[in-house]
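Asker: Produce the complete structure using the sequences and hints provided.
Protein chains in written order, with this note's numbering: chain A, 3 to 462; chain B, 10 to 304.
What the hints contain is simulated information worked out from the structure, not anything from laboratory work. Incorrect hints may have been included.
Calculated from the model, a selection of chain A residues having no Cβ within reach of chain B, i.e. all distances over 10 Å [claimed, not checked]:
{"#": "1", "residue": "Pro42"}
{"#": "2", "residue": "Pro81"}
{"#": "3", "residue": "Ser90"}
{"#": "4", "residue": "Lys128"}
{"#": "5", "residue": "Trp147"}
{"#": "6", "residue": "Met171"}
{"#": "7", "residue": "Ala174"}
{"#": "8", "residue": "Val186"}
{"#": "9", "residue": "Ala187"}
{"#": "10", "residue": "Pro250"}
{"#": "11", "residue": "Ser265"}
{"#": "12", "residue": "Ile281"}
{"#": "13", "residue": "Ala339"}
{"#": "14", "residue": "Asp346"}
Straight-line alpha carbon distances no greater than 25 Å define the calculated SDA-like cross-link-like pairs of lysine to any residue that follow [to be verified]:
{"#": "15", "chain 1": "A", "residue 1": "Lys266", "chain 2": "B", "residue 2": "Glu68"}
{"#": "16", "chain 1": "B", "residue 1": "Lys162", "chain 2": "A", "residue 2": "Lys85"}
{"#": "17", "chain 1": "A", "residue 1": "Lys360", "chain 2": "B", "residue 2": "Ala237"}
{"#": "18", "chain 1": "A", "residue 1": "Lys360", "chain 2": "B", "residue 2": "Asp155"}
{"#": "19", "chain 1": "B", "residue 1": "Lys191", "chain 2": "A", "residue 2": "Leu344"}
{"#": "20", "chain 1": "A", "residue 1": "Lys266", "chain 2": "B", "residue 2": "Arg113"}
{"#": "21", "chain 1": "A", "residue 1": "Lys360", "chain 2": "B", "residue 2": "Leu194"}
{"#": "22", "chain 1": "B", "residue 1": "Lys162", "chain 2": "A", "residue 2": "Ile359"}
{"#": "23", "chain 1": "A", "residue 1": "Lys85", "chain 2": "A", "residue 2": "Leu96"}
{"#": "24", "chain 1": "B", "residue 1": "Lys151", "chain 2": "A", "residue 2": "Phe197"}
{"#": "25", "chain 1": "A", "residue 1": "Lys266", "chain 2": "B", "residue 2": "Asp155"}
{"#": "26", "chain 1": "B", "residue 1": "Lys183", "chain 2": "A", "residue 2": "Leu344"}
{"#": "27", "chain 1": "A", "residue 1": "Lys360", "chain 2": "B", "residue 2": "Val133"}
{"#": "28", "chain 1": "B", "residue 1": "Lys170", "chain 2": "A", "residue 2": "Gln361"}
{"#": "29", "chain 1": "B", "residue 1": "Lys162", "chain 2": "A", "residue 2": "Glu357"}
Per the computed footprint, the stretches of chain B lying under chain A, defined by three or more beta-carbons under 8 Å from a beta-carbon of chain A, are [what the hints assert, rightly or not]:
{"#": "30", "region": "135-141"}
{"#": "31", "region": "159-168"}
{"#": "32", "region": "174-188"}
{"#": "33", "region": "201-215"}
Quick reminder that beta carbons are idealized off the backbone N, C-alpha and C, glycines included.
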Amino acid sequence: MQTPYLLFTLLILSVLAYFIGKRRSVTVVEGALRELHSLPAYYGYYTALWGLIPALFLMLVWLSFEPTWLAHQTVASLPEEIKSLPSSKLNLQLNNIKNVAAGLQVSQRVDPLIVEAAEHYNRLRKISNFALTLVVLICSLTGIWLAHKKISKDYRARNVVEKIMTGLMILASMIAIFTTVGIVASVVFESLLFFRQVPFFDFLFGLEWSPQTALRADQVGSSGAFGAVPLFAGTLLISSIALIVAVPIGLMSAIYLSEFAGSKFRNTAKPTLEILAGIPTVVYGFFAALTVAPFIRETGEQWGWVVSSESALAAGLVMGIMIIPFVSSLSDDVINAVPQSLRDAAYALGATQAETIKQVILPAALPGIVGSILLAASRAIGETMIVVMAAGLAANLTANPLEAVTTVTVQIVTLLVGDQEFDSPKTLAAFALGLMLFVVTLALNVIALHIVRKYREQYE
Amino acid sequence: MNTVTQSKPESVSRMKTLISKSMFVKPLNLQGEMGATVGSIHADNPRITCRNVNVFYAENHAIQDINLDIGTNEVISLIGPSGCGKSTFLRCLNRMNDTVEGCRVSGEIKIDDFDVYSKHLDVVPLRAQVGMVFQKPNPFPKSIYDNIAYGPKIHGLASTKAELDQIVESSLRKAGLWDEVKDRLDQPGTGLSGGQQQRLCIARTLSVEPEVILMDEPCSALDPIATAKIEQLIDELRQRYTIAIVTHSMQQAARVSQRTAYFHLGKLIEVGKTSDIFTNPLHELTQDYITGRFG
Chain A
3 MQTPYLLFTL LILSVLAYFI GKRRSVTVVE GALRELHSLP AYYGYYTALW
53 GLIPALFLML VWLSFEPTWL AHQTVASLPE EIKSLPSSKL NLQLNNIKNV
103 AAGLQVSQRV DPLIVEAAEH YNRLRKISNF ALTLVVLICS LTGIWLAHKK
153 ISKDYRARNV VEKIMTGLMI LASMIAIFTT VGIVASVVFE SLLFFRQVPF
203 FDFLFGLEWS PQTALRADQV GSSGAFGAVP LFAGTLLISS IALIVAVPIG
253 LMSAIYLSEF AGSKFRNTAK PTLEILAGIP TVVYGFFAAL TVAPFIRETG
303 EQWGWVVSSE SALAAGLVMG IMIIPFVSSL SDDVINAVPQ SLRDAAYALG
353 ATQAETIKQV ILPAALPGIV GSILLAASRA IGETMIVVMA AGLAANLTAN
403 PLEAVTTVTV QIVTLLVGDQ EFDSPKTLAA FALGLMLFVV TLALNVIALH
453 IVRKYREQYE
Chain B
10 MNTVTQSKPE SVSRMKTLIS KSMFVKPLNL QGEMGATVGS IHADNPRITC
60 RNVNVFYAEN HAIQDINLDI GTNEVISLIG PSGCGKSTFL RCLNRMNDTV
110 EGCRVSGEIK IDDFDVYSKH LDVVPLRAQV GMVFQKPNPF PKSIYDNIAY
160 GPKIHGLAST KAELDQIVES SLRKAGLWDE VKDRLDQPGT GLSGGQQQRL
210 CIARTLSVEP EVILMDEPCS ALDPIATAKI EQLIDELRQR YTIAIVTHSM
260 QQAARVSQRT AYFHLGKLIE VGKTSDIFTN PLHELTQDYI TGRFG
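Answerer: The following block contains the structure:
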């Protein structure tokens, strides 16, 4: 049986096991459910888990060792002259065998030796597969049978099921943590490769970014300059513009929605605001590139300013609009979470609404507000599509928002799009940029957390 | 008098069924049975006068035709079963009901001859003049000092730091909290015990020099010792302020107030001297309530 079918069969078995276990628990006490230690459903879950988890585990182990075993067996059957090849060539042959076994046309004429080995390989695979099916099903049925036998009126099925569920939850959280660790590790590893070719401080403090490297000695083209400062300056510029737009608008709309607006208006306005967050960034991107950027350029020209057709201002403005809902919606929620009793206290002292909001509600809601701004900031820093379309690719080191700039994310995209060799500094630079971006956002988080802890007014 | 207090068992049970029914139907059902307020609604030296006060929460007629005077330097306690409208009435006196969506108030409430619900009145000075202490202690999540200083600051009562310090100290002294907190004024007010928090809230109310203090079950979240301290405080404060207190504790009402008003299902049933209400209630409902037969 193929693996998906086997999985499906296992699931069906465990669903059956659920009903078997549940029925069994009821018959054990002859319908007097009060005498059972746990609810019948728990005996069902218990039986089902016994039918599922050991079998799944066995399957996982089997499938992870199967390829090694198959390769080993196949190699063992090969004649001595191939077996004695160096391991890299042997692997090549093995790949050939696997391709032939899978029915892929490798080349016009195939060594009969290889064909024979491929047939052997297929036979082995069939055997392994059959054995796997058999073993897993037996394991599952045995599990169900054991669990079924164990059910009695005093058996604490609930406790066991709860323990297993706790274990599953721990596993789930571990997966998230280990994935993060894995991502960081891979980025760090690739970055180290990059820093072997480009000095760390040249990257960090270099003022010029021009990642094109010549492939051949006679090619025109720069030798490559990997100064990240223009990219970070561009990111900073665009993100600042976005936050300058989003924070006041978002915060003020949050205050209006939570403190002044009637519930009817609030119930329609809030979801409408949140729609902004649902617009794909590509749509924002062409809005920025086709509507906002030309508008800014024309307006600028009327005033006699030189505005490039792709400007940081256009990208920043549109990005600011995009992140408004992050600020407004979250801030609105935390402002609403400030207890009414604090408002009452301030009003009863004769505070005006403005005084109450400024001096009582906002300080109490500060951690959440900072959190929302931070979330918006990390969205702005990580945003790619709008910037690709509206801000351009030119790595200018400038503070003038009317010029074209580029950002870290845009450069990562352009470095990795298309056919790449994964050992050139041009490609590896993307990982170094990613690492820097990660470090910067992490630092931002830590700083914000510190600020929140220092100034928060805990109301509970 | 005796004939009224010795109500017959049948009439009590009839009243009970009526009440329990009316809880689920409309408060108006009892109108015929109860009629107008019993006892004297007038105070000797009235500071607050309420005439025909009605409050609606959307469609719900929360309190009906209340007429009541509250005298200067008097503590009046408002008692009655939960949901009878005594807190609602209290919150009318400094227009805290304005913050409740869908709340309408009609009738006339005058404090020192100015109309609380006049269109020209600004609620900000009103609330500074009519302070309020809430059921659950609600100190600001700020330092003890800032909790007290907040009111004087927003009303510009102190021009120098020294004056502000002076106000903070005197308010805390009046609330009997100074000795307990004088060494930790910079610590958060939320870190105090429940009784201390409530006295902090009273001190905060006193800091803006109100003339009337409204208390909405100020001791319901406190232990007996803290309650005793606050009751003693209320008695001291009476010399300077007019106080209206909502309470569920009959003993508390008897201990701290000079007059008592009994509310039932949005109506003011009986008002009188506290000693009279607790010894010789005129109305059946009042008697049933204070003797613990319902409520």
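Asker: Indicate, hint by hint, whether the structure satisfies it.
Answerer: Do the hints match the structure? See the list:
At roughly 39 Å from the closest C-beta of chain B, the C-beta of A/Pro42 stays outside 10 Å, upholding its exclusion from the interface. At roughly 82 Å, the least C-beta separation between A/Pro81 and chain B is larger than 10 Å, which holds for a residue marked as non-interface. Every beta carbon of chain B lies more than 10 Å from that of A/Ser90, the smallest distance being close to 67 Å; the non-interface claim holds. With a least beta-carbon separation of about 70 Å from chain B, A/Lys128 lies farther than 10 Å from that chain, consistent with its non-interface assignment.
Distance to chain B confirms A/Trp147 as a non-interface residue, since its nearest Cβ pair spans about 57 Å, more than 10 Å. No beta-carbon of chain B comes within 10 Å of the beta-carbon of A/Met171; the shortest separation is about 33 Å. A cut-off of 10 Å between C-beta atoms confirms that A/Ala174 is not in contact with chain B; the least separation is 35 Å. With a least CB separation of 37 Å from chain B, A/Val186 remains clear of the 10 Å interface cut-off, as annotated.
Every beta carbon of chain B lies more than 10 Å from that of A/Ala187, the smallest distance being close to 42 Å; the non-interface claim holds. Distance check for A/Pro250 against chain B: the nearest CB is about 24 Å away, which clears 10 Å, and the non-interface claim stands. A beta-carbon of chain B comes within 10 Å of the beta-carbon of A/Ser265; the shortest separation is about 7 Å. Against chain B, the non-interface label of A/Ile281 holds: every CB pair exceeds 10 Å, the least being about 32 Å.
The beta carbon of A/Ala339 is kept farther than 10 Å from every beta carbon of chain B, the shortest such distance being approximately 13 Å. Non-interface call for A/Asp346 relative to chain B: violated, since the shortest CB-CB distance, roughly 6 Å, does not exceed 10 Å. Proximity of A/Lys266 to B/Glu68 is assessed by CA-CA distance (about 18 Å); at most 25 Å being required, the pair is judged to hold. A C-alpha spacing of about 90 Å is found between B/Lys162 and A/Lys85, which places the hinted pair above 25 Å, so the restraint is violated.
Of the pairs offered as hints, the one joining A/Lys360 and B/Ala237 is violated, with about 36 Å between alpha carbons and a cut-off of 25 Å exceeded. Restraint check: the Cα-Cα separation between A/Lys360 and B/Asp155 comes to about 14 Å, which is no more than 25 Å; the hinted pair holds. Distance hint between B/Lys191 and A/Leu344 is fulfilled; the C-alpha atoms sit about 24 Å from each other, no more than 25 Å. Under the criterion of a C-alpha separation no larger than 25 Å, the hint pairing A/Lys266 with B/Arg113 is consistent with the structure, at around 18 Å.
For the proposed pair A/Lys360 and B/Leu194, the alpha carbon gap of about 22 Å is at most 25 Å, so the pair holds. Among the hinted pairs, B/Lys162 with A/Ile359 is consistent with the structure: their alpha-carbon atoms are about 15 Å apart, no more than 25 Å. About 10 Å separates the Cα atoms of A/Lys85 and A/Leu96, which keeps this hinted pair within 25 Å; it holds. For the hint pairing B/Lys151 with A/Phe197, the CA-to-CA distance comes to about 50 Å; that exceeds 25 Å, so the pair is violated.
Of the pairs offered as hints, the one joining A/Lys266 and B/Asp155 is violated, with about 36 Å between alpha carbons and a cut-off of 25 Å exceeded. Proposed proximity of B/Lys183 and A/Leu344 is supported: the alpha carbons are some 23 Å apart, at most 25 Å. Of the pairs offered as hints, the one joining A/Lys360 and B/Val133 holds, with about 16 Å between alpha carbons and a cut-off of 25 Å not exceeded. About 19 Å separates the Cα atoms of B/Lys170 and A/Gln361, which keeps this hinted pair within 25 Å; it holds.
This hinted pair checks out: B/Lys162 and A/Glu357 have alpha carbons roughly 11 Å apart, not beyond 25 Å. With a threshold of 8 Å between beta carbons, the proposed coverage of the region 135-141 of chain B by chain A holds, since 6 of its residues qualify and at least three are required. Here's how the region 159-168 of chain B fares: 4 of its residues keep a CB closer than 8 Å to some CB of chain A, so the rule of at least three is met and the hint holds. Under a criterion of three residues with beta carbons nearer than 8 Å to beta carbons of chain A, the stated coverage of the region 174-188 of chain B fails, only 0 such residues being counted.
Counting residues of the region 201-215 of chain B whose CB falls under 8 Å from any CB of chain A gives 3; the rule of at least 3 is met.
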